[in-house]
Amino acid sequence: MSFPPATEEDRLVGPRVRKVALYIVLSGMVLFYLIPIETGLMTAITSPESYTGQTPFLPPLEPLVPGTGEFSLEAWGGALDGLSGGLVNSLVLVVPATVLSGLLGSMAAYGLTTVDWRGQVGIYVLFIAGIFIPYQAVLVPLTQFWYNVVPLRTAFVPLAELLPLVREYHWKLVALIITHTAYGLPICTLLFRAHYKKLSGEMIEAARLDGASVTTIYRRIILPLSIPMFAVVFIYQFTQIWNDLLFALTIIQFGDASVVTMDLVGIGVSQSGTNFPLRMAAALLAALPTLVVYVLFGDKFAEGVAT
Amino acid sequence: MRNPLDRSGRRRSGEEETHPAGDRTTGWRSLLRRDSVRSAPFWLPPFLLVGLFVYGGIAWNVLLSLTDFSGLGTPDYGSLDLENYRAAFADPLQAMVNYLAGVSGWVTSGSIEPQTPSWSDLTIDPVWNSLGNTVLLMVGFSVACLALGLVLAILVDRGVRFEDTFRTIYLLPMSLSFVVTAKFWLFMYNPETGLVNLGIQALGFGPVRIVQNPELKLGAVAFALIWQFSGYAMIVYLAALRSIPTSHFEAARVDGASTVRMYWRVIVPQLRTATVSALVVITVFALKAFDFLFSMYGGYQPGPSADILATRMVREAYANQNWAYGSTIAVVLFVMALCIVAPYIYSQYQRGEL
Amino acid sequence: MAALTLADVTKVFSDGSDDAVIAVDGVDMEIRDGEFLVLVGPSGCGKSTTLRMIAGLESVTQGEIRLGDRRINDVAPADRNIAMVFQSYALYPHMTVRENMSFGLEESTGMADAEVAATVEESASMMGIEELLDRKPSDLSGGQQQRVALGRAIVRDPEAFLMDEPLSNLDAKLRATMRTELQRIQEELGVTTVYVTHDQTEAMTMGDRIAVLDEGVLQQVGTPLECYHEPANRFVAGFIGEPSMNFFDVERQGTRLVADRFDYPLSEATHAALGDTTELALGIRPEDIELVGEPGDHAFETVVDVVEPMGDANACYLTFDRSGTDPETFVATVGGMQQVEAGQPAVAHLPESAIHLFDRATGEALRNRDLPDDDGVQQAVRSD
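Chains as they are written, first to last, in our numbering: chain X, 384 to 690; chain D, 28 to 381; chain B, 0 to 383.
Any given hint could turn out to be false.
Calculated lysine-lysine pairs in the DSS-like style (CA-CA distance at most 30 Å, straight line) [unchecked claim]:
#, chain 1, residue 1, chain 2, residue 2
1, X, K402, D, K315
2, X, K683, B, K135
3, B, K135, X, K580
4, B, K172, B, K135
5, B, K135, X, K581
FYI, nobody ran anything at the bench for these hints, they're computed from the structure.
Chain X extracted, bound-state conformation (with noise of 0.2 Å):
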């Protein structure tokens, strides 16, 4: 597709004039996808003191214009201050949690699909309806579970003593690890396991007469031929490990291993009320990583999403 059929319509109206029409139609839509974030662009590098909120989706101006504030990154050396610690523990968080669940995902993806056996579907199904299944449906459990069942604390006790840079507090980031690596799988092993069945039956077995074993094929030939999906499953979790709130809200619930999303709730409110530039400076800067992700490599996300 597509060609825009000849019709009726287009006697009356005329081509011209339709396609005209869609593209204001389709730019309008641009439009109100990018205003928010271009609003919050300006006021973010608008100086708080000069901030009069009049016409927030203008470029501060002043002097120029007034009535639209002057042009300072203030808000964005506040908003680095408040989300630093946040935004290191969010890194630290979410590259071995994307890796290990891409990993894990793959894997599980390619003992489920390319050796075949009965009851895989069954198997299968569990790990899909795990895609679905709402966080809070665990969370209490997953409370008790990090913080009454297993030491993970007291062994971090030693280990901060032992190690530089480890602090006892990064528990709390591995307890997070874990849990987003386990809830990441499930759409790890979809997107895996819907480019595995795509591969040659004919391949595996003549792999398998040329004498590799099943960790072999794996290694050798599944794995090299994975790495297109593992860009696209990388771009899917690190995006969602990062953009999470819940399970950092009921995992990490306070203190020094906060996450930047956990960071960017309170930021830029206080007695004396809403610093707007601040607040918009911290929002772009929280978004910043997965922005550019995705603007570097939409399409791959897009494929993520639609699968």
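Position chains D and B relative to chain X; hints supplied.
Only chains D and B this time, still in chain X's reference frame:
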């Protein structure tokens, strides 16, 4: 190929031949060679992880919902009962009346008696209010999201230039965190400086309080969520439109159907599968909208008119420490998700797409 | 090198319920050391399943497969010392040709790297693909991929080659070239080969012997000419040969065969071969029907319905009665220079020496055509 039953007698008598008595190792060796066993190192560890955290978690949660666990301390699994469910679903008739009255704009006629369960000195509200809001949000948001996504997909699919750019921009909000979206829209909705209000004022109306307005709250939340997720619906529909053969468009054109009629009669009916899968995903997003409400309202208290099960659950458990009651609400949420997802997965299975 | 023996090999596919399907039913055959055996049959006849059982990709439900003296039923595919060429070539897309060919050697042998490299080079030169060694499969044409797939099989120096319709993805011209090429290589290496195809032309031209399979049951194993001239049953007679053999349902009354439209008197010798069977099918190959002479005992008046000129020959569709909308026809091939036109009457001579007679109930061949003693064909058939 032939039916083995014709010759089953011969088959049965011959079975012994495959396992000559001398070859004792055949049994365990063939077990080890079974594909399920050989592939186990790959799928079993991830499966155990998912099994422990997801399914173990759910089971434990159900168990917790039967206890009286609240406050500090540890749950007592000794006495299990359905008291929490009775509290959650108290007074269903009155709830129904109130709900219908609320939807149709009547004034609320009666109030539901809050319950005082044995484990608490305080009263506990049933879940009716947040359940109603959840359903309302789910339905309203999902339908609007799909409709907008479909329209966008059809427009983008009409051979426009810069198609990739349009697509990328429409999907952009999807990459943002709920928390970030909430920050942006909180700003957009702000009575003094928000763009939405500036627009309303430009039309000559006074500033409107949106986020704190009980009548507009839920709609405001839904609108922001539509902004975030309609791009997803578009992507799904676009993929489906692309898979419809060009000949269908051409056939409709040869038949002289107008563009609108062509889409309505020929194309849209073919998008059923896409609609179902997008609907399932989007409804589940709506069930998870906690993050959004939490950051929009800066905490656990969005107020009764925007309270959904997702926020209510977290509030009961983590703010009020009514752990068992939180678990009960979580079970309700889980069952709702199951009602949406189970038929979907089953139909996927029937069509052999798993 | 070794002989490959299949003894009562059976494969039943079951999904746990009662809907089990017998894909291969008690196949017995012996493929001699160095022999090129073509396994042929219509799709779904179990030929691929048989091949996959030999490869070890499917388990054997019952029976025994031996390679040389070794029973290989429970030997893992990799340890059978067998190489297989697949229809889709099944090359590893992310590896170069060299890596594709080395893979099997690295995985299944303890060869040193230098030895692997040398072996690969040697096999590549044999296949004429040295200059492709550093390319990826996606950069190769279909014919080149086919050569690489063969090279990958050769490099393992296996005891047997298994080929699953390896030429079916090539265009007609290339297929003809590769047929000869394959035969040359097989002869040069002298490796026992089982070649699966649904194409009877490939079967006729390539195989030392042909094994015809239908519905999982082995119909006949023989040289191509044996299968052509002395089919064991009606299925083989109809499957081998293009255009295929004509069949007429006939009933024996005394020493005559009575069909709907003709009576066919039998000689004493022919008659004796038939025993008590009366319900028969008369088969005759298109090229054995002669369109000359006067009506007689074995010559009948027909009308030409359609003529398909093929250049060297004409395929004439004859019918006894052209009045119907869709008349029943049978085919005769005559020389390309012989003028035949649709609608013209023709006398079809069905020489008794060329007819086959089959038991209509069992399909079994009761009488096959005569083969002249001094004919080269006869020599070829008997010498085996």
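Verification of the supplied hints:
{"no.": "1", "hint": "X/K402 with D/K315", "verdict": "39 Å, violated"}
{"no.": "2", "hint": "X/K683 with B/K135", "verdict": "25 Å, holds"}
{"no.": "3", "hint": "B/K135 with X/K580", "verdict": "22 Å, holds"}
{"no.": "4", "hint": "B/K172 with B/K135", "verdict": "24 Å, holds"}
{"no.": "5", "hint": "B/K135 with X/K581", "verdict": "19 Å, holds"}
The structure fails hint 1 only (numbered hints given earlier).
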